[in-house]
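With the hints as a guide, bring the two chains together.
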Amino acid sequence: MAIVVQRKERLSLAERLYIPILLGGLVVTTRRFFRNLFHPENLVTVQYPEERRPISPQLRFRHRLTKREDGTPRCVACMCCPTACPANCIHIEPQEHSDPTIEKRPARFEIDLSRCVFCGLCVEACPCDAIRMDTGKLGSPSYQLKNMVVDIDFLLKG
Amino acid sequence: MDFLIEVIKVFVVAIMLLNMAAILTWVERKESALVQDRVGPNRASIFGMSLIGLLHPVADAIKMIMKEDFVPQHANRFLFKIAPALAVFPVFVVFAVIPFGDVLQIGERVIKLQIADLNVGILYIFALSSLAVYGVIIGGWASNNKYSLLGGMRAASQMISYEVCMGVTLVGLFMIFGTVELDDLVRYQGELIGGWIPKWGILVQPISFFLFLATAMAENKRIPFDLPEGDSEIVAGYHLEYSGFRFGMFFLGEYAEIVVISALVTTLFFGGWQIPYLYGNGFHFPWGAELAIVPWAVSLLQVGSFSIKVLFFCWLLVLTRWTFPRFRYDQVMRMGWKMILPLALANIVVTGIVLLIFN
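Just so you know, the protein sequences line up as chains V and Z, in that order.
So the first sequence is residues 1 to 158, counted in my numbering.
So the second sequence is residues 1 to 359, counted in my numbering.
If we strip away everything but chain Z, and leave its shape as in the complex, we get (with noise of 0.2 Å):
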């Protein structure tokens, strides 16, 4: 029985990770669109019914499927197709630590709502994020082409930089809470600071919150640190040579990454499944009044809470692409190393002084 729903979270965690990933490929189009002053993709119909677009997505997978798997002379065969799975799965097993809910009381039975409670949680999601290069500069190599393995050459080295600061960002956040276990920092930021401010990252660690997202969005190889793909530079980066499914692979990883990063701030900084003043048997609030809730509502509400602040984050992304230039190569390393990697380690020097300051 225990396996049996572990297999179903399982399920459901996975579905919903590539549902958002194709719906944010529509996401992607449509706010573009209206962010440019245009209607966006409405074209795509079955039965006449266009639903605003969001059958694009569906003709997208039809066509990718559909499409010759093309393998360029001189690659190397088996490098050059098992890349974009490479590069596809560390985003998705990244999800299995994130917890989406408290927990939900079924009967007697207690369930978790998170896939795998791993103690060592963020350090599992340093350690697998930072596998995903591997797909992208065995592709970038794999498919003999210069400027796909100046895209995978690019790619190494930015998120070989921005790894280090992402590790480093987060450092003042486990000094604060006192753990890695994702479960545990997120039940942590439930507590109120002076009784009436919710303990969310983002008020201890502000810092640490903009530096994270940015090395996140350079993680994510996304506008404006698409340096790797850069279109204008090198054609199309590591995926050029790749047609059909392999490329839709990592267009979908894309994605998923989206979902992943904005699950991992909100996690992190946003307090995670936690609606202020919402505990186990229903809202307490700090000037005196109550309100008692079922279980079993309490946990749909969290599970609501965390996929809206997933949602926002998803948005934000998509907004900040279509917001900012692509930085200069140079500039993306001065920005990681100069700028990013120096306010990260005075972030955690001001932070462990506060803390002996306080405690």
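Looking at chain V on its own, in the form it has when it is part of the complex (with noise of 0.2 Å):
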């Protein structure tokens, strides 16, 4: 059912002289104008470099990759984050590993942050648990799209 909305017909002598409402008008900003000029603690604009608001925990950060005992990477190059990835932006070249228990390590890790959604699906396919988006930083900006591509060093450093 479509909503009617009752709007008033007449307007009351008040509005149709104008003047009244609009010193209404004015005087509500004027109000405004001296409590923010000599309370500017109420302003709700962040400094933003300077200070920044809290990030909640939850929010999906840059991606790391993270690592065995020993120091290498955890992931086995299995190609499961490039093919969940909607953006695709993460290529990996698998090479075989010299331990014969693990299947494969990757030659090269890379990520296009200039293309990356920041969806996290990459995280959800991830069967050993080697990519995660918790490292508490936010996507690097750069000058040149070539620098936001992020190598296996880079995301094994988190």
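There may be inaccurate statements among the hints.
Unchecked claim - On the chain Z side, residues computed to face chain V include the following (Cβ under 8 Å): (1) Asp37; (2) Phe209; (3) Leu213; (4) Leu319.
Stated by the list, open to error - Just a sample of chain Z residues kept apart from chain V, beta carbon distances all over 12 Å, derived: (5) Ala292; (6) Val349; (7) Gly352.
Stated by the list, open to error - If you only want the chain V side, here are some residues facing chain Z, beta carbon under 8 Å, derived: (8) Ile3; (9) Val4; (10) Val5; (11) Ile19; (12) Arg32; (13) Leu37; (14) His39; (15) Asn42; (16) Thr45.
Rather than coming from a laboratory, the hints here were simulated on the basis of the structure.
Every residue gets a Cβ at the ideal spot worked out from N, C-alpha and C, and that includes glycine.
Listed below in structure tokens is the structure:
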């Protein structure tokens, strides 16, 4: 059923004269002006690069690769994350691993942060808990797109 | 020597006006920020000092000078380039007749604190401020852009409608003071009604004051009368195709006009440079007390009083912009012709009757 908006058909005399209504508006803005002039602590602005709003730990931050106890990456280059990635921003080159109990290891593992949509599907897809998005750092801005492609060393550092 | 004094006066007033216009862009940003619970500009800095954002006008000026001076294809190059000057020129010359103080006495020499004391005073202001519409409509037409043309047309119709009202609103004031010379107008406003209340224009013609303020805002083409620019309807109206300092001139002209309007309202309705009970040699209070002040200090006080009143009205005009929504086009026309003009005419009639009875 459609909603019928009840509009006041006739404006009151004060509204038709404009001036009382306009003065009322001016009073509101003047009060705001002086309140904020003498009590600047009421202002809601956050001076961004210097001060930052607290970020929820649940947020999906920049990626990192987790390590085994010996420091090598946990990743077994199973290609689950590039398959799940909707932005096609993960590029992996697999390589034989010296340990025969581990199937493969990534020779290259690159994430193009300029294309990443930070959806977290790679984290969901990973069977080995090798990729996580809990660094607490946001995406790194850059003047050139090629600087936004991060390699395996960067990802391992977290 | 006289010539030198005149030149110095012209320079001082022109520089004050330009600086006020630049500072008003800062005032506008800061004031809008405070009205909307924000901080406002504070990033432009020299040697790590941002001076509460006061360097932003400087940064703006540098930016506008450095930018490309773009002329669109098929635009009328000559008219396109001359239009900003046509729009800004009248605003600046209008200030010539506004008295910003009584007289300054240095030794034997008496200097009038007004650039030109024309006996046609306010008529000169009307004549020149109606020329400002040419710059706007020529700029809009020469740009070869339909939005600019629309903006120019709107500006023309709006400014012509309100020019009429503006003239008529002030007739009551002239009937009471019997002069159109601004210096005399201010002098008459120094008189006292019944020995107590200063005879300021707002007290003898309150309706005229509100109507004049509204028409002056319409002349200035700012919100709530910013139809010629109307961002959401016709992009930026008449200055849509302008870039660099030609846009800057339109921009600066708008702010200079705020100062001029404030100065006009002050002169016509708030006693100009008058301070109640202050005469050439000091205060003479109606209850008998007296306070002698040296003449140069009196001049200084008067210029200060004029400046404070002007600054207050600048503040009020900026606040108005951040309070009211824009009128629709037909509403502006209806208000001009059906509300302000009849009220102004009625005001003349009532003033005439009252003057007849009391004189």
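Okay, the hints, checked on the actual structure:
Checking Z:Asp37 against chain V by beta carbon gives a least distance of about 5 Å; that is within 8 Å, so the hint holds. Hint status for Z:Phe209: violated, given a least beta-carbon distance of 12 Å to chain V, over 8 Å. With its C-beta approaching chain V no nearer than about 10 Å, Z:Leu213 sits outside the 8 Å limit, and its interface hint is violated. Because the closest C-beta pair between Z:Leu319 and chain V is about 6 Å apart, less than 8 Å, the hint holds.
Every CB of chain V is more than 12 Å from the CB of Z:Ala292 (nearest about 37 Å), matching its label as outside the interface. Listed as outside the interface, Z:Val349 is consistent with that label: its C-beta sits roughly 20 Å from the nearest C-beta of chain V, beyond the 12 Å cut-off. The non-interface label for Z:Gly352 is consistent with chain V: the shortest C-beta to C-beta separation is roughly 24 Å, beyond 12 Å. Checking V:Ile3 against chain Z by beta carbon gives a least distance of about 24 Å; that is not within 8 Å, so the hint is violated.
Contact between V:Val4 and chain Z, as hinted, is not supported at the beta carbon level, the nearest pair being about 25 Å apart and thus beyond 8 Å. A cut of 8 Å between beta carbons decides the hint on V:Val5: the least distance to chain Z is about 19 Å, and the hint is violated. Hint on V:Ile19 holds. Least Cβ distance to chain Z is approximately 7 Å, under the 8 Å limit. The beta carbon of V:Arg32 is positioned within 8 Å of a beta carbon in chain Z (closest approach about 5 Å), and the interface hint is therefore held.
For V:Leu37, the shortest C-beta to C-beta distance to chain Z is roughly 6 Å, which falls under 8 Å, so the interface hint holds. The criterion of a C-beta within 8 Å of any C-beta in chain Z is not met by V:His39, whose closest approach is roughly 11 Å, and the hint is violated. Taken as an interface hint, V:Asn42 checks out: its beta carbon lies about 7 Å from the nearest beta carbon of chain Z, inside 8 Å. Because the beta carbon of V:Thr45 sits about 4 Å from the nearest beta carbon in chain Z, less than 8 Å, this interface hint is met.
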